[in-house]
Amino acid sequence: MKVKVISRSTDEFTRERSQDLQRVFRNFDPSLRSQEKAVEYVRALNAAKLDKIFARPFIGAMDGHRDSIKCMAKNPNYLKAIFSGSDDGDIRLWDIASRRTVCQFPGHQGAVQGLTVSTDGSVLVSCGSDCTVRLWNVSDANLADSDYLSDNSSKPQAVYIWKNAFRAVDHQWDGDLFATAGAQVDIWNHNRSQPVNTFDWGSDTTISIRFNPGEPNILATSANDRSITLYDLRMSSPARKVIMRTKTNSIAWNPMEPMNFTAANEDCNCYSYDARKLEEAKCVHKDHVSAVMDIDFSPTGREFVTGSYDRTVRIFQYNGGHSQEIYHTKRMQRVFCVKYSCDASYVISGSDDTNLRLWKAKASEQLGVVLPRERKKHEYLEAVKNRYKHLPEVKRIVRHRHLPKPVYKAANLRRTMIEAERRKEQRRKAHSAPGSIVTEPVRKRRIIKEVE
Amino acid sequence: MKFPMKWAVSLHRQFAASILKFQQPNFTRLRLSRGLSSKAKPPVTMGAKKENSDDEMDEKVKKYLRGDAANLEGVKDKKLKGQLAVREDLYGKSAKTAAKIEKWLLPSEGGYLEAEGIEKTWRIKQESIAREVDILSSRNQYDIVLPELGPYTLDFTSNGRYMAAAGRKGHLAIVDMKTLNLIKEIQVRETVRDVAYLHNELFFAAAQKKYPYIYNREGTELHCLKEHGPVLRLQFLKNHFLLASINKFGQLRYQDVTMGEMIGNFRTGLGRTDVMQVNPFNGVVALGHSSGTVTMWKPTSSVPLVKMLCHPGPVSSLAFHPNGHLMATSGRENKIKIWDLRKFEVIQTLPCHAKTLNFSQKGLLAAGTGSFIQILADFSGSQNYSSYMTHSMAKGYQVGKVLFRPYEDILGIGHSMGWSSILIPGSGEPNFDSWVANPFETSKQRREKEVHSLLDKLPPETIMLDPTKVGTVRVPQKKEKPTKKDIEAEMEAAIETAKGTEFKKKTKGRNKPSKRATKRREMIDKAKRPFLEQQTQERETSRKKQKTNPETEMPKSLQRFVRQKAT
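Here the protein sequences come in this chain order: A and B. Here the UniProt record's numbering is used: the first residue of the first sequence is 1, the next is one more, and so on. Here the UniProt record's numbering is used: the first residue of the second sequence is 1, the next is one more, and so on.
With the rest of the complex left out, here is chain B (with noise of 0.2 Å):
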């Protein structure tokens, strides 16, 4: 079939390099027009084809291995050495077989959206999916309008079947999103800023005016947290079962909620700020400030761990990437940056609005301003964020939050005039693993899981950047003493420094050429001062050391009058 040619030069670099590329991502099958009709498919040998799932193993593999096998080359220990080879011949096994079982564990597939012949996915709009969905799903498609109670935000359970959604003006509701139900609604008659589930659906905690309270399924208030102030935003670790608070006056306080311990209470001292995101992998608490700077803390230290400039003006909001590598910012200067948590670098910048940031399980961005929302996806797994999808709600809307739902292609979407729910294909883990978090779970399950993730509660500690290190080998920083010719040669760098340094131009029959020699003979002696310091503190003790032992120096008769060094 024929194409103009202007189609073809508007290709996308990146779409042209997806063709050529034969690898294709097992888990997303998020594909964009590429020019061609569905039925002409790329020529695909059958060499071709085994290679591909022969990558596919191999990325697979990779991704069980979790990381690079260690080095056993400067193990001197032979019996260790042995020991540790046969250890790493099995994780690479164990490696293997987990990849190979996948197609037999796995029931679901992923959810995809392709646009077919020259439509674009981010034109697709919400009801034309919702023609093409079965009921169920279209079911999940809505909008609550509740417009006298206040912008709403929400929360989610961590296996997506309960939501909390908070009203301003005191509306706390709780819907089983499965049936869609309304467990329980209460108005607590004050002002709530926020809304966060703890460990289950039995117990969230909203930060009301004055303090942040936790309440029961049923409504009942069980605790109201004095201590914490009255607090702008909650988060709640899952691992750690501290729920991490910022309050107006920007402190931040990390609680217990298993025995209500306070653990932290730092003055962050940056002011006040209403933007914090926990981030799931290694729990990290991190805070976007008015100054642009994001920093993160961890509840054993009064100093942030990390403290980068991000952006010119304050920070609007804050994202963390499952995988817990990507972060991504927004300013008011109405661009998002995505930020690699390892090199601390920004890898992409990108020209948009953003009140609200929210990654999904599988690395959607969604990000929304005003009445519209944007969701980005990085295509073929490498990281460079494109327009997947768009959706503006009617025009009075404000976005205030979004909120991926887990293990489903949900968005939900928190606004002035209530909440809403949007279709998202391939956003959500498509399986999910009971043990860790189960949608479909009885009150027997959630017993015993509580009971079970309470034995494996750790302790505040182990929260660090890098959480791979426990357990690993501390190697000791051995200092070393810089040689003379090192000390020598810093005084050479030191003088020509001092030597190149420009004054001022002084005016007034001050500029005499005497004084600028002696300005500068002055400077010089400055910068070796230290140096030479450092020689006649060497010189001192050295002579101090020879001194010791007099008595081998002095003769005999003399040695009653050597002074008697103190025992």
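If we strip away everything but chain A, and leave its shape as in the complex, we get (with noise of 0.2 Å):
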């Protein structure tokens, strides 16, 4: 006869002296946990709930401008400065994390229409309504700077005067020109006082101008005349324009697929666009209840956050059809820049009422050092609660988010509207002849045409 039978030993299971850990024995089966998706579910609830609880995504304001910001850029090299710049031509450095002005930049004698950074870092670009750019040196030493005087100021290192007022400036991400943009699209070296190239396709005004992060000679800007078009500076001749229905604020490049940008537009949705196909957008991101005033990308390629009219700051998937979070604050008026700061952290805002506001771009996101544990608990967290977000109860807490009256009204108006025209022309095509009347999908609907 064989026999064994399970006998345990104390000292195998427990520990031998008080300073060492506590052992832990796994036992992955199911058979040994009863209702695992039951488990599972409150578990999502309650992280949910606990989500809401921690959701503080305001950590602070930036005061010192004296009138409304316009423009901000962010330094490639140093996770810690912002660039803004506003209306009275002031041009300040900002250090994110006391929320300070380390520099100013004083020059421009209009309004400072827009700011980029070169690619080392150490020269800042800027364009103002005064028909001139300017190129300011920015050292390590000056952001460094702990020592915060406010009349902290340099002198630029080259100041260029050109024909008309400017609109837009973007450096290229890895070379020495930048671009500018205004009655037409100039391209300069940071050597030379004259452009190096011009660019004009269509009579009209170019609001706005972006490198491509992939293709350093790809550049797309929007015009006032509702078009995108895309320039191919080798080819030093214009390559593709689309023109919407309405006009477009903003364009951003996605750093992770840099074949895809997103387009912030007048009529309040976002789209985006594959740069190859421009005759149908992949994705329309709708939420916003006013024009869509700039968009910037997160470093991941996977969320953009923009800023409207609308007074509120959202931030969405890259394929999301639907905004996952919206900032608003009341004294925060017509947001006009956003930047998401390099490491995908923080989300910046500038907007009419002259404050440069930082949040976070995780609302429920603990700051500081985070212990292994911690982490991963959020992470074992954050996944439970997608698994089961489709949920009913679970549904109703993660979407839940308090709106603006004025939002609130405005967006359900919108629907309204929207629910309506969708009404009516299912009433046309049920009473019509089938197949004489096509519905365009929302992709193709806002583009009028695309030119070679």
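Since the hints were made in silico from the structure, they are not lab data. Careful, some of the hints might be misleading.
As the list claims (entries may be wrong) - Listed below are the simulated DSS-like cross-link pairs for lysine-lysine, each with C-alpha atoms no more than 25 Å apart in a straight line:
#, chain 1, residue 1, chain 2, residue 2
1, A, K37, B, K457
2, B, K469, A, K389
3, B, K76, A, K389
4, A, K277, B, K79
5, A, K376, B, K444
6, B, K210, B, K169
Using the hints, put the two chains back together into the complex; each one sits in its own frame.
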């Protein structure tokens, strides 16, 4: 007879000294646990509620400008700094951690319309409605200065005067050319006082400009004639143009998928396009109730932030039709520019009320040093919440956001109008010969035509 | 080695099958005698061995997959389909990894009992087992004789460390099973019918003469649950923190022990019963009644979920397999029936007395009557139970309750003269998970576990027959309107059945053929009537619909006489 019985010796299963860690034994067999799905559901519900409890996205406001802030720029080599330019010609360098001005760059006579930083982070390029492009020296000493004197100012490295007022400026991601937008698109070199190249297609002002992060010679611009144009510097001629029904205020390229860009439009939507196929938008992001003024992608390429004329900042998923998050404050007026910080944890918005505001990118994230166990727990709760977020109880909590009353009412109004339009279209279709009325998908509806 | 032909003939078909099968379950090794000596092993080639391990791996992966993959054919949304396909892939990978690391993570192997030569496992006595086994395990075989305090019932905590024993005459005792220390014993001077541990060893409930009471580990009375009345049986639902009780009047009550709220209070309507068990898989409470029916209840409905007729006479005991699919019931007609709960069908009927039943973690079934206990096991995973071990106690002992100790190969027996404990190799789960139940818990770990389990407390609405339905999509039931043909066919069928009815033969001159003919015509008309009524109703509604715009039909001069519909 062969017999063996389970016998556990206490030594093997308990710790030897009190300084040791307790021993943990795991058996992942599902038969030891009952009702796993219900337990996960309860955890998802609690996680959603905790998320809402800890959702405090607003960190602080950076006060100092005396006029509304029209443009901002990120320094690619220094995480803590942000440049902002306002309507009275004041350019400031802010330290995000302490939310104070490090340095001022006075000089512009009119509004500062565009700001950008060169590839190595040493030169700041600004352009304004006084028809000048100014280059400023930004040294590391300047940035790491802990001695914050408000009248710390520096002289420009170079001032280039040109023919018309400028509306926007952008620097190549990997090169030493920058482009300005105004009556026409000009390509400049740091050392030349005149543009190296000029592009002109159509007779209307170009209002925004962006270089492609992956391909240094491609840039996208948007103009007042409701078009988005793609240029290629090597071909020295414009490549493609798509005309929409309304004007695009700003464009942002996806840093992780450089062939896709998203355009912030005047009709409250953002349109994501594949640059190779401009006849149809890839995705339409709807949720704002007024014109979208600015857009910026997160360095992960998975989210982007938009600021709109309706005094809110929204964060969208790169492929999501509706916003994930909305930030608003009573004191924040029309948002003109937004930037996602380079470590994807913060969002900075510059608005009409002369303040720059710092927000968390994930509203319930714990800032500071997070211990590995805490981080694992947060990841687990996030995963379990995402698995059950379509169930009604959890969905109700996850989706819930407080909207300011004007935004709420405007959204309802828009919804009724769109519903009415849709119903009318349906009835027209139902009462006409089948096939005579063709509904275009929204992705195509807003595009008038594509031009080579 | 030659063996006599009669042994070859008397080999059970199952054993022959198990020789030919190369597949061996990993966690139990309950092998029986095959008429071969242990030295002569069945020939196994290298290829077959590899197949063996592949099959084992497949089984393990299947266990971790928790069911079939979702069917993505019907999903029309391409984005969603892509995302779901990625998810399914991830699940497959994680199941494979879990199966692979099993061999490193699980330190212990299960117990087993193998008989050699011509001996059978059910003839092996506890004394012979005690001789072969180490001292620590043989300490776990004992008989505690307490004759004057009545039949004893037992309950173990979920980690198998502590036991609460209650004698009918009022003796309550808490014993630490690791050290066999008596922690506390109290005499409540009242009849105690049942005892149940709550979520850990600090709290237990005793069903006393008039009401159930909740006691502390020190024996302090914490609560007197007056609402329950004179309770016969208590059961604790671990995940939901619900104390379920059935009392003398057949009332089933659920009470939440965290907040003291009474969740449900139902009159079963089927009389007094003292057979109650909780299905650990889905939290459903099953009651066995004296009419032979087993009813299953959940706290949110006053009507039972399931009512099944199991035995011709009263149900004497009930037990659930930990996987939730098997139920064993026994009736007074000396039969044990093993039911499949997915189809509610009998899988097996065993001719066996059983006053009390209990399943172990590994699926062994203990049945006890009088002073005799039989352990049944299903070898090779097929749900075919056969005798594995037996144990008979001293003649006067009447077995009241058998209960397997979790995570140990031990069976606790509560009988009229006290309680005993015997060794059943292969009944317990050898590898425990510290986050689920830890037999070596320190007080700090116990406190942490209590807080975590309170945070994960399930609401009573999550109790359902199939707990895997949480989070799934409910398919909308489309009620199809029967077509005209279907209705006509139904009418024909009804007429046929009406024609075929046989009439009672009347005597004394009342059986005239004309009367028979009229009666037959009457039956056919009766069968036709509901269909004709339906037809007239439909005609009425269609006529009404047509009548709604008489303005179009009436000439203009008469339109002022048209009845205006109230707007």
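Results for each hint:
Between A/K37 and B/K457 the CA atoms are separated by roughly 13 Å; this keeps the pair inside 25 Å, and the hint holds. For the proposed pair B/K469 and A/K389, the alpha carbon gap of about 16 Å is at most 25 Å, so the pair holds. Restraint check for B/K76 and A/K389: satisfied, since their Cα atoms lie roughly 21 Å apart, inside the 25 Å limit. Of the supplied pair hints, the one linking A/K277 and B/K79 holds, its CA atoms being roughly 19 Å apart against a limit of 25 Å.
Of the supplied pair hints, the one linking A/K376 and B/K444 holds, its CA atoms being roughly 22 Å apart against a limit of 25 Å. With a C-alpha separation of about 14 Å, the suggested pair B/K210 and B/K169 falls inside the 25 Å cut-off, and the hint holds.
Against the hints set out earlier in the document, no violation occurs for any number.
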